[in-house]
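Asker: Take these sequences, add in the hints, and give me the full structure.
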Amino acid sequence: MSTFLLILITGIGLGALYFLVASGLSLIYGLMGVLNFAHGAFLTIGAFTGLWISTKVFPNPTTLTFILSMLAGGVMAGLFALLMEQLVITRLYNRHIDQALVTVGVSLVVTALLGGWFGFDAQFLPTPLWFMNAVTIGDAIIPVDRFIYIAVAAILLIAMLSILRFTRIGLIIRAGVENRAMVTALGINVRLAFSTVFFIGGFAAGVGGVLISVFSYGVSPLMGGSWLIYGFIVVVVGGMGSIAGSAIAAMLIGITNQFANYYFTGLGDFVVVIILATVLLTKPSGLLGKVSH
Amino acid sequence: MSSLEVKDLHVTINGSHILQGVNFLVPENKVSALLGRNGVGKSTTLKAIMGLNPGTGSIKFGGTEVVAMPTHKIVQMGMGYVPEDREIFASLTVKENLSLAARDEQPNYDLVYSLFPELLTRTGQRAGTLSGGQQQMVAISRALLNKNKILLIDEPTKGLAPKLVTEVAKSLAHVADHSTMLIVEQNLALVKAIAQNIIVMDQGKVVFEGGPENLQDESFVKSMLGVSGGHK
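Chains G and B supply the protein sequences, listed in that same order. Sequential numbering of the first sequence, starting at 9, is according to my numbering. Sequential numbering of the second sequence, starting at 63, is according to my numbering.
Among these hints, one or two may not hold up.
Quick list of simulated restraints, FRET-style, between CB atoms [unchecked claim]:
(1) B:G194 / G:Y271: 50 to 56 angstroms
(2) G:I177 / B:T228: 35 to 41 angstroms
(3) B:Q265 / G:R103: 30 to 36 angstroms
(4) B:K220 / G:F174: 34 to 40 angstroms
(5) G:A162 / B:R188: 22 to 28 angstroms
(6) G:I145 / B:R188: 51 to 57 angstroms
(7) G:L230 / B:S153: 34 to 40 angstroms
(8) G:I163 / B:R99: 57 to 63 angstroms
(9) G:G113 / B:H236: 52 to 58 angstroms
(10) B:R188 / G:G113: 22 to 28 angstroms
Looking from chain B toward chain G, a few residues come up when the C-beta cut is under 8 angstroms (computed) [as the list claims (entries may be wrong)]:
(11) V137
(12) Q138
(13) L154
(14) T155
(15) E158
Hints in this document: simulated from the structure, not taken from any laboratory. Model, not experiment: these values are computed from the prediction. Think of the CB as a built atom: it goes at the ideal place given N, C-alpha and C, for glycine as much as any other residue.
Answerer: Right, here's the structure in full:
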């Protein structure tokens with residue numbers, strides 16, 4: 009029972025990290041039809057910003073400084089996402105292949121620049137000492153960091169859903185995911201919604217990057233690429249344009265991956281691919297997909 | 063005075079030259095009906111005016127050239143649009159659909175709810191769960207919330223049950239009393255009831271402009287529209 013609980017909570021924690029990567033990807037594709045291969049770069053930029061804050065600005069890590077490093081990572085990644093959208097994506101609307109190619113290019117450039125600057129070896133991101141603690145639930149001893157991933161993802165999920173549900177820009181984003189052309193036909197400049205979505209997506213990925221650095225025991229220029237693949241899988245399984253779909257799919261994949269890895273050693277990724285194939289064959293729009301364009 | 067002036071409008075979609083030099087005027091404070099057989103380019107013309115289909119030529123709205131202008135800016139100049147297939151936002155509630163469309167500081171909800179009182183009882187319902195007629199009411203209401211200088215309405219009675227056709231027609235007749243309107247409609251009875259000007263298209267061009275009295279002429283209707291007079 010203790011092992012089951014440990015795997016379950018670790019799976020939820022991993023799912024929380026997947027959600028942070030996938031939520032922005034999902035909204036960006038859902039609203040704008042942009043397959044953003046640079047999303048992994050947002051994650052990496054967030055992680056390196058967090059590293060810089062935690063090692064150079066506040067070298068003695070506390071809970072507050074870690075929160076600051078997460079926020080700084082999110083803001084920096086969000087601003088980079090916004091910059092990329094303004095400088096590159098706005099010039100390539102409706103040119104989907106060009107968008108995919110240019111975002112792959114941005115991803116490669118960011119990886120190379122960070123690698124040239126910091127090297128490709130993973131660097132340890134200091135955390136408050138209590139991150140190393142574990143809590144006992146029943147017979148299970150659960151590392152406390154899992155709960156941090158879950159809590160942060162839950163806060164961001166609630167924040168995103170609140171923005172989508174209760175604000176004018178959220179209303180425009182929800183409508184735009186369904187039918188972008190009709191939103192403009194109501195006299196709404198949908199570009200503002202595009203920029204908002206890029207910032208939110210970048211912010212979530214940046215925060216995720218800092219947390220992933222803790223989970224993976226280090227920050228590396230190459231980390232974005234591997235997590236991006238899982239991000240895309242979550243988006244496809246959850247449904248393009250659906251934040252709730254991303255959250256459900258992230259949990260499903262995180263938990264399944266962990267159980268499969270434990271009970272069928274090393275088959276976690278294989279099982280995830282099986283889930284992906286099953287969803288594509290039986291419900292190609294994903295669990296809660298909304299996109300019609 | 064014309065509210066809308068279309069000159070030599072060309073639209074090509076996926077290599078097909080759909081509109082081949084369309085010319086017409088929409089007089090102010092009158093209802094103009096854009097008629098023609100299926101596939102002659104009526105909906106494409108409305109979309110081109112809205113900026114949803116890129117075109118070349120000239121479209122002057124209130125004297126301002128709007129070809130190549132972004133759609134949202136054209137709409138903000140006072141152009142309301144009811145698309146052919148309603149295109150309501152299915153996952154949003156009726157209230158959200160309407161509030162999304164509201165541009166004016168004081169949107170005219172009173173007019174909308176007086177024309178379509180049924181919507182008042184369904185404000186919290188997801189628009190995708192409404193009947194076809196109710197969805198059409200939402201689509202028309204979105205255009206009526208704001209003080210538009212012109213309304214472009216594309217086949218408002220398409221696919222509706224006869225009872226709903228009457229209801230929608232009554233509402234449009236009410237709106238037509240004090241609006242400039244360009245309407246694409248296959249229901250000739252409705253056109254006769256509200257239009258003061260008819261424009262007939264064929265093969266991507268305008269082939270006739272004149273008064274609605276021509277629709278009383280059976281041979282005109284048959285030759286221009288390929289249908290008998292009255293209802294299609």
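Asker: Given a hint of 34 to 40 angstroms, does the C-beta separation of L230 (chain G) and S153 (chain B) actually sit inside it?
Answerer: holds (38 angstroms)
Asker: Is 50 to 56 angstroms a correct range for the gap between the Cβ atoms of G194 (chain B) and Y271 (chain G)?
Answerer: Given range 50 to 56 angstroms: holds, Cβ gap about 51 angstroms.
Asker: Do the beta carbons of Q265 (chain B) and R103 (chain G) sit within 30 to 36 angstroms of each other?
Answerer: holds (32 angstroms)
Asker: Are K220 (chain B) and F174 (chain G) spaced within 34 to 40 angstroms by their CB atoms?
Answerer: holds (35 angstroms)
Asker: If you take the shortest Cβ to Cβ gap from L154 (chain B) to chain G, is it below 8 angstroms?
Answerer: holds (6 angstroms)
Asker: Per the hint of 22 to 28 angstroms, is the separation of the Cβ atoms of A162 (chain G) and R188 (chain B) within bounds?
Answerer: For A162 (chain G) and R188 (chain B) the Cβ distance comes to about 26 angstroms; the hint holds.
Asker: Please test the hint of 22 to 28 angstroms on the beta carbon pair from R188 (chain B) and G113 (chain G).
Answerer: At 41 angstroms between Cβs, range violated.
Asker: Would you say the C-beta atoms of I163 (chain G) and R99 (chain B) sit inside 57 to 63 angstroms of each other?
Answerer: Between I163 (chain G) and R99 (chain B), where Cβ atoms are some 58 angstroms apart, the hint holds.
Asker: I177 (chain G) and T228 (chain B), beta-carbon distance inside 35 to 41 angstroms?
Answerer: holds (40 angstroms)
Asker: Given a hint of 51 to 57 angstroms, does the C-beta separation of I145 (chain G) and R188 (chain B) actually sit inside it?
Answerer: violated (40 angstroms)
Asker: Just to be careful: measuring from the Cβ of V137 (chain B) to every Cβ in chain G, is the smallest value less than 8 angstroms?
Answerer: holds (3 angstroms)
Asker: Hint Q138 (chain B) vs chain G: min CB-CB distance below 8 angstroms?
Answerer: This interface hint holds because 5 angstroms falls under the 8 angstroms limit.
The structure is inconsistent with the numbered hints 6, 10, 14, although it conforms to all the rest.
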